[in-house]
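Protein chains in written order, with my numbering: chain A, 706 to 1038; chain B, 2 to 305; chain C, 21 to 574; chain D, 892 to 1218.
Keep in mind that the hints were calculated from the coordinates and are not lab data. Quick caveat, the model's predicted, so the values are computed rather than measured. Glycine included, every Cβ here is placed at the ideal spot set by N, Cα and C. Heads up, a few of these hints could be off.
[As the list claims (entries may be wrong)] Each pair of labels, with its calculated beta carbon distance range:
#1 D:G969 / C:G348: 53 to 61 Å
#2 B:V246 / D:I955: 28 to 36 Å
#3 B:L57 / C:S430: 19 to 27 Å
#4 D:G990 / C:A221: 36 to 44 Å
#5 B:P74 / D:G990: 38 to 46 Å
Here is how the chains run, residue by residue.
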Amino acid sequence: MNRKEILHVENLKKYFKIKKGLLGYLKKSDQEYIHAVDDISFSVGEQEVLGFIGESGCGKSTMSRVLLRLIEPTSGTIIFDGVDLLSLDKEDLRKHRRFMQMIFQDPFGSLNPRRTVSDTLRQTVRTHHLAATIAEEDKLIRQAMEEVELVPVEEYWDKYPALLSGGQQQRVSMGRVIILHPKFVIADEPVSMLDVSVRIGILELLEKIKQKYTISFIYITHDLSTARYICDRIAIMYLGKLVEIGPTEEILAHPVHPYTKALIAAVPEIDPTVKVKDVPIKGYVPVVPGESSNCRFFPRCPYAFEKCSTDSPVMQKIGKDHFAACFRVEEAL
Amino acid sequence: MSNTKAELSINKKRKQKIRNQKIKDFLYLLIDHKMGKIGVGIIVIFLFVALAAPLLRTVSPHQSGNASEILIPPNSQFILGTDDLGRDVWSQVLYGSRVSLLIGFVSALATVVTGTLVGIIAGFYGGILEEVLMRIVDFFMMLPALPLMIVLAAVLGPNIWNIIFVVTLISWPTTARVVRSQVLSLKERPFVEASRCIGAKNSFLMFGEIFPNVVPILFAEAVIMITEAIYAEAVLSFLGLGDPVRMSWGSMLHFAFDSGTMARAPWWVLPPIVSIILLIIGFSFLGTAVSDILKPGYKEKKGL
Amino acid sequence: MEIKKSLFSRILITVLVLVFVSAAAFAGGQKEGSATQTSKAVDARFNVGFTTDQALSTLIPDESWQYMEMGCIFWPLVYDQLWIMGPAPDYKPIPMLAESWETKDNQTWTFHLRKNAKFHDGTPVTAEDVAFTLKYLPASDPAWEYEDTDCDDIQVIDDHTIQFTLTAKHGGDYPPVFWTPILPKHIWEPYKDDMHSYDNAGAVGSGPFKLKEFKADQYIWLERNEDYWGNKPGAQTVVLKTYGSAEARNLALKKGEIDMIGYNGIDPLSLSSFKDTQNIEVKIDPGITIDWLSFNLHKENAITDINVRKAIMYGIDIDRIISIAYLGYAEPADSFMYKELPDHNPDLPQFTYNIEKAKAILAEAGYRDTDADGTLNDPETGENLVFELLGPSDWTQEVKMITLIKEQMSDIGISIKPKIVDLDTFYEFWYAPEEDGFDISIGNEEPGPHADWIWEFARSWDNGGEGWNCAYYNNAQFDEYLDDMAEQSDRGARKADLFKMQEILADDLPYGFLLRWKSINPVRTDRFTGYTSTMGGVSTWINPWSYFNVKPAE
Amino acid sequence: MKTLQFILKKLTGALITIVAIAIANFAIFRIAPGDPIRMMFKDPRVSTEQLQAMRVKFGLDKSIGGQFIDYVKQLLHGNLGFSFWQKRPVADVIGDRIGQTLILVVTALVIATTLGIILGAISGWRNGSKTDRTILSLSLVLYSIPTFAMGILLLLVFGFILLLFPLGGITTPASGFTGFMYLKDVLWHMVLPAFSIVLWYVGEYILLTRSSMVEVMDQDYIVTARSKGLRESVILRKHALRNALLPVVTLSGVNFAFAIAGVIEAETVFSWPGIGRLTYDAVMKRDYPLLQGIFLLFAVSVVVANFIVDLIYTRIDPRIKTGAAHE
């Protein structure tokens, strides 16, 4: 890691309470939790794109919301641009969050259907008092729209989201973010719901604004191919835990964790030159991950041995910037 | 970009145009709808009658007549005859529409405002607050409406504003429920999270983001509330709990029923009854039409 | 079209047919029933109609008996009194359970009871029963508590003689213990300390009628007491029925379901529909009710100014009110005393409608419309002359009167705000002027010929007048005349007192007397004859005579 | 387990509501202006001592807290208090009237439900046809006519003008009828008031049955049944109607509770001596204990009806269980 760190996360945890119901109270049963994000540590450098990859339900979406404190974490540390986010009060948080933004998966759903494109952008301007006059507001909005290539501006200015294509909608979302000049943006599967034909345009736009505004990204996806296209590093998540993290090409070429291997094997066309051993995974993702002292992947892991069922593996360095959490790292290498 | 002021005014105009177009579309659908047409027709007529009452009336509705003008049947001077004080029934019907419409609109407004506030706050914040608010709503919905209205109207005194208060008190919970269930699904929509992410405060999320999306439902809800308010006023006035200063259709019926001359002077009884029924039918037809139009896909089916 | 044959049309048709056929059958069947009722009074059943709001809810001797019109009929028919006020025109006291009575000092009275009177259960009526009633009934409920039943000492001399000493002298033409039902001691003894605790479901009295069936708020079914000591009534059965509205009741009379209206007759508006109706005779009698305005002298506003009150009285066009609200069936009143009675003072000032005079009085007293809003202003406070005019919604004629007065007052620059409330609330406000629930109130009473009690309305508030006094009126001089009048037996002295009292009231004007409406009573003549009129009509609280006197028509 | 949990939750909800109503009940009538004891005596000569004695008798001399404790104690003993106006136990007063209201409401609702289901089913079955449109607008019109207005119209036309039916009351006074004659007499008096209620509810039932029917008609099994070539009337009876009736029947359960409360209009117009008329009189007489009793009765019947409907729904539609449990 030779770049300046913009985001540093340590031991981040988010547990959700399970509703007990009336009978539960009557029986005085213990409170149970879902470990949605379980003890995750990583950092993101300036202008770096860190991909988070995992199946749906692995906690990546929860994690992204915890990072922005849209959901309060159970414990951990989040240092953003040198500020401890979790120590901030509501008002300070709002001010800092201006520089941490998010682009959502559902392009239509993330736009208020009752608001036109310019209104949506104007809302951002007004929330943060970025302009003193309406004319200035209009100017900022126009700039942002040009930036995200919603041109000619006049054509889109008064359009309601329902009249835009998915790609255009996602551009509005991005415009709304760019207006704020953020330092760090979480892109939560920004292209997964778009037609394949427009995906590349959006990814290029991400790349462009990354360069222009010096933005760091966390790019969340379950799709390795887009991750490979845009990410500098990728992190693999399984049931709330990080299992492997490292430079994109390194991981794709030399996956260490059995889960990573399985993921890569599932997309064979990603790079025909790389030969990855086929790893058969048994079963499905367990629905409710609770308290457990074993390896999370143990029930499905073809390489599992006795220790996996009793102890939880910790991250260990594999190579340069490459870490993985598995007891059988040596064998895997 | 240099001439932003002008551009802005153009924008405003354009937005206005879009909004106008939407209203036009809506009105078109309403008129296109068979019941909507009838409902709107009836309501427009009564609105006109209420506004133009001073022009349409022959004499003041409160001016008593001579001894020879008591309970006389419809004739050229008194289009609908006179009541037991020689007052003109026609003028009373005209002015009665004002009371009904006033109570209808004001109560519906008050109901919708209260119900929306409670519904949005409960649905948005959830947790204990929601639990408490919804318990209150449940509680009010369990109360027998008419008996409660009678008690409150009797306790508070006969006065148009008290009636509005009572009607609102009884009906806001329904709106609160409807709004809350809308909010529950709306607040999960990504655009709320997106707005929060941008830095919007809760108050803005509730009233800037979520509220505009419940407006259509509220419109349908308001129409129903108007019907109920008109109904409620009529019943209370009929039972003698109406505003004694303002002649309403309900109180006309009260006096006619009490006077013991119904059979002798049907011209005194029928006009207020017919007016009440017509106006309520007008609003329920409008309500049916509105809820039809708001159904997903209706607009498209009609080619708009 | 397949649906036509389907189950639904069959069900639909069946249900509809059933509904209409059964409805028609019931209607038809009932018509026959009423036909037998309208035919000659086979069982001599005398049907009397009331409205639901006049119906008795209970036979408990609480005050509802005299505020519910049906109670005023029921109690005298089933329970004998010591003596009873005779019919028109002289309204003399007539012995009933008591054969005779005497007093030396107007304070200690001896009553001699008749020996053949029996309660409906066969027990003889004795002095013990009278003593019991006098002792416990007035204490149980204020409705039975009158000056003339307020005893210091009650002595049972023998089975048929009772002597008691009143707390105050009782003068006038009538003996004490007026309008008091004599209750059987043997039944009421266990409940003597709380007479409300006995539901009196059997209603055992000694009167000419016995209770057969009582349906709360619906009807009372009475049967002739065949063992009655006195003249037996001509009607074998009396049914006091209720109808949901006056109109339904009137129609019932026309249809022959009832023979007479139970109380207060009919509304003048309904009269036309009875004119020239076969088998119906319309009796028009002088009224018993006097309507007046109470001015609340407790208020701290212009209503306490005698000039304002005078102007109001001059501003009221009573003739117009009579012609519109009563279609002429009323006459102006100027006192609590009926004009035809000898104690009426004929020289009272008359407030004949004179709008100019009303305006002049106000102008002279300094009331001017300083803010040009059409309403005069108080010279001291500058406030508009706005008065709340209280009235109960149940009194339809009075509500009309309020509407008309409001119109007329605006002509002299006084603004009236009608305050129409339900009857109970009305009474609460009306009798409590100190609570300032009204500025002016409509009010009425039925003084009747034996009306010493009515003057209590003007007894000084500070001198025990709280209660009746609904004007917060105070005049010590009036009280002196009143006390003297109540104790006097001397006709001339009483008359002098009463003349003076009427004069004082007319000068001070705590009450503005309005009118006395006539009683209009259509009665059926095809089944019964012998309807007896008094002031107030054929059936009022002073007139059970029609019930006693009617006979099946030949 | 889930069902039990759901029932428990609903039960506590219902209990809380009843307790809340009991408390509110107490509060509303204490806030009301006017001295009830004073109103008991229209006779103005009542002395301060007598008033005080009555206050003591009815426990109104105590502090609000004390009165509330009395009230709760009485309620727990199943004692609804003592009517100021009729001077007898509230339970007796209500008991005298409840039967008369029940007979009216039950009759009216049974007729309304039957007619409503039939017309609604026809309308829904022939969705979009001319019959459907006619029935639909008819029901909307009926549903828009206030009961009291309908009552006045019926009374005016069938009572006053055509002289076909009695003008009010529940029986012919002092008829001495017994047995069948009595029943006939009551039914004859019931025709107009019952129909003023029926005509209002029938609109609601038509609308409900119709929409339920329309929904059912789109279901796969109807389509299947049709493709099997079953006769239309068989499909209608055996398949469509049976499933469409469910919400209607539940509604009539809830309506029953509400109808008792709403019967005031009909009872006032036709002077039917039931609970509705009693409520109105009790309001006018400021008879707080009686009003409290009536209100509690109304509220409890609504709560209970709702509870029963909830239970029925869990039996019928298993989705409700989990959904509601997590609500």
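Here is how each hint holds up against the structure:
For the hinted restraint 53 to 61 Å between G969 of chain D and G348 of chain C, the CB-CB distance of approximately 58 Å keeps it satisfied. In this structure, V246 of chain B and I955 of chain D meet the distance hint of 28 to 36 Å, their C-beta atoms being roughly 34 Å apart. Under the hint 19 to 27 Å, the C-beta atoms of L57 of chain B and S430 of chain C, about 24 Å apart, fit the expected range. Checked against the given bound of 36 to 44 Å, the beta carbons of G990 of chain D and A221 of chain C, roughly 18 Å apart, lie outside it.
As the Cβ distance of P74 of chain B to G990 of chain D is approximately 43 Å, the hint placing it in 38 to 46 Å holds.
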